[in-house]
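2 protein chains.
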Amino acid sequence: MPELRRDPIVGRWVIIATERARRPQDVGRLREPPRGGLCPFDYAQEDKTPREVYVTGRAPSAPANGPGWKVRVVPNRYPALMIEGELGREPAGIYDRMNGVGAHEVVIETPDHTRDMAHLTDGEVAEVLCAFKARILDLRNDMRFRYILLFKNHGQAAGATLEHSHSQLIALPVTPRQVAEEIEGARRHYEHRERCIFCDIVLQERKDRSRLVLENDDFLVFAPWAPRSPFETWIIPKRHESSFEAEPRERLGLCAAALRSTLLRMGVALGDPAYNFIIHTNPLRDPPSLSYHWHIEVMPALTHVAGFEWGSGFHINPVPPEEAAEFLRLVAT
Amino acid sequence: MPELRRDPIVGRWVIIATERARRPQDVGRLREPPRGGLCPFDYAQEDKTPREVYVTGRAPSAPANGPGWKVRVVPNRYPALMIEGELGREPAGIYDRMNGVGAHEVVIETPDHTRDMAHLTDGEVAEVLCAFKARILDLRNDMRFRYILLFKNHGQAAGATLEHSHSQLIALPVTPRQVAEEIEGARRHYEHRERCIFCDIVLQERKDRSRLVLENDDFLVFAPWAPRSPFETWIIPKRHESSFEAEPRERLGLCAAALRSTLLRMGVALGDPAYNFIIHTNPLRDPPSLSYHWHIEVMPALTHVAGFEWGSGFHINPVPPEEAAEFLRLVAT
Chain D
1 MPELRRDPIV
11 GRWVIIATER
21 ARRPQDVGRL
31 REPPRGGLCP
41 FDYAQEDKTP
51 REVYVTGRAP
61 SAPANGPGWK
71 VRVVPNRYPA
81 LMIEGELGRE
91 PAGIYDRMNG
101 VGAHEVVIET
111 PDHTRDMAHL
121 TDGEVAEVLC
131 AFKARILDLR
141 NDMRFRYILL
151 FKNHGQAAGA
161 TLEHSHSQLI
171 ALPVTPRQVA
181 EEIEGARRHY
191 EHRERCIFCD
201 IVLQERKDRS
211 RLVLENDDFL
221 VFAPWAPRSP
231 FETWIIPKRH
241 ESSFEAEPRE
251 RLGLCAAALR
261 STLLRMGVAL
271 GDPAYNFIIH
281 TNPLRDPPSL
291 SYHWHIEVMP
301 ALTHVAGFEW
311 GSGFHINPVP
321 PEEAAEFLRL
331 VAT
Chain L
1001 MPELRRDPIV
1011 GRWVIIATER
1021 ARRPQDVGRL
1031 REPPRGGLCP
1041 FDYAQEDKTP
1051 REVYVTGRAP
1061 SAPANGPGWK
1071 VRVVPNRYPA
1081 LMIEGELGRE
1091 PAGIYDRMNG
1101 VGAHEVVIET
1111 PDHTRDMAHL
1121 TDGEVAEVLC
1131 AFKARILDLR
1141 NDMRFRYILL
1151 FKNHGQAAGA
1161 TLEHSHSQLI
1171 ALPVTPRQVA
1181 EEIEGARRHY
1191 EHRERCIFCD
1201 IVLQERKDRS
1211 RLVLENDDFL
1221 VFAPWAPRSP
1231 FETWIIPKRH
1241 ESSFEAEPRE
1251 RLGLCAAALR
1261 STLLRMGVAL
1271 GDPAYNFIIH
1281 TNPLRDPPSL
1291 SYHWHIEVMP
1301 ALTHVAGFEW
1311 GSGFHINPVP
1321 PEEAAEFLRL
1331 VAT
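From first to last, the protein sequence lines stand for chains D and L. The working numbering applies: residue 1 is where the first sequence begins, and numbers increase by one. The working numbering applies: residue 1001 is where the second sequence begins, and numbers increase by one.
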């Protein structure tokens, strides 16, 4: 059973996920990448994954866990957290622990082994975002969970272990620190100004335009003022909304178009870099918020996190966001 | 001039260090590694670095910036921050910025191109720690600086761009977040218990022993309860002391022995992994603290930071610290 442990000094939780490694000295060695037709995310390999929890595109008459799907969501075969069990929160001397209870699912974005997310159609990416939403709406019924993080690792340097285009979802029994800090910062701003700080950022970025990458009717894509890594890029709804899963299908379509264009521009400009994206949204049990505002953060994995970043929480970024945005803006797509 | 920018939501500072990159698309490509005798950290190549600010081992009659030294400290040729200038803190619409004022120095640990820190003698590592201390005592006279972070990147995957054994120092005009959070957490613990949390950890680890790697008269080496990455290992003085630079030479000698043995064990156990270490110590302008306790954090770079870690601040660690500690304990050195 994986375990959640709390750092006694700063209160950071860590997942000790023993099921994912074999021997201590093998850590960091990648699992053998799948070859040719043996990829578990291809058609006719559905029995290589746990049974699907969500699927789209397959004819109603076709059997479950067979080919014919467009997007398929399955539990992760090497989950960081386990779906069964009680939280069992307890002390260990001066320390704190609980059972590693949570959900860890894989969203297979396309049956086509050869196309990554940047090369899907806008409609196909929209289907992926709709799958994200559907899984949140289902998992939020499990009252043990407080937060669901959706994320994508593309490329080995960004932590991906399989090449076939997929994203992931982890449902957690605690709200993660990064989200809690954003919520707290946004709450303080709201207290002072009675405005959402994210809405203020949208206004300033649309006026200034130097950090803008693109926009459509509903979404703005921009390089944030203080990016942690080169070409960090945010995708944010222009209209205030605290929860990703509250967005209707049409707006998710415009979000998909903005996301796909961003990934394509990065791919062209930077030579198909490895990247991560994550969705930050309001915690499951919180009411809709006037101060918090969901968004997507995209981060190419171009630089290594080194000692200084580890030790300080300060990031050193050699590319000003104004230059990064201009570079992405000028890409011909 | 590099710039410090503050994230408007969570207050995180980022260094925008344009001098370190050439074109945006070149980010992440390593500088050409030095070949053979042309390493700027070798003897007779002293003119390839900025002029030394500290040196040990050279005969008093020998000229400065020539061979014959044992440890040599020079300004970084590609500094993340610049030593000259005022802070110039100012708003930019809803954002905040200041000039990237600070010191960025390189500690060349040995003239021998072929030996890394794990393969120096205890006495040589002690000389390196004494150089760290001397540089802190000198730089603290510059009242613009609030914190000095000492760190080492060993190996490409840990962000090192030169192979020759060296560590680095960055003096900052603000106290970094990670340190501020530790200080705040320790302060809260002290308020409740009137005890230092680090001293409590030392007591529990010495009693429990399952996470212990080694100890000597003055220092304890252990795997922390909630390690962010596999084989994260801490070196901590057993006697309470808030500042690294307050330690006398003899205790730095015992620290050096503990550090060197730790690095050697990691190298043998894990096949010379890339690693980072950082020193966390009390901020320059704070009085000696009863609640904060300096220490060294060593982190092998075995896993990639992926989307989940970026987005949550949660780390997934496949190796329990009890297994990691046992593994390091049993290494024959």
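These aren't lab readings, by the way, just hints derived from the structure by calculation. Some hints could be false.
[Unchecked claim] If the Cβ cut is set under 10 Å, some of the chain L residues that face chain D in the computed set are:
(1) T1049
(2) V1053
(3) Y1054
(4) I1083
(5) H1189
(6) E1191
(7) Q1204
Computed from a prediction, not measured in an experiment: that's the story for all the values here. Beta carbons are placed, not taken as given, at the ideal position from N, Cα and C, and that holds for glycine.
Against the structure, the hints:
1. Below 10 Å, beta-carbon pairs count as interface contacts, and T1049 (chain L) has none with chain D, the closest being about 19 Å; its hint is therefore violated.
2. At a threshold of 10 Å, the smallest CB-CB gap from V1053 (chain L) to chain D is about 19 Å, leaving the interface hint violated.
3. With 10 Å as the threshold, the beta carbon of Y1054 (chain L) stays out of range of chain D, its nearest partner Cβ sitting at about 20 Å, so the hint is violated.
4. A least Cβ separation of about 16 Å between I1083 (chain L) and chain D goes past the 10 Å threshold, and the interface hint is therefore violated.
5. With a least beta-carbon distance of about 8 Å to chain D, the hint placing H1189 (chain L) at the interface is held under the 10 Å criterion.
6. Using the Cβ-Cβ criterion of 10 Å, the hint placing E1191 (chain L) at the interface with chain D is not satisfied: the shortest such distance is roughly 14 Å.
7. Restraint check, Q1204 (chain L) versus chain D: the minimum CB separation of about 5 Å is within 10 Å; hint holds.
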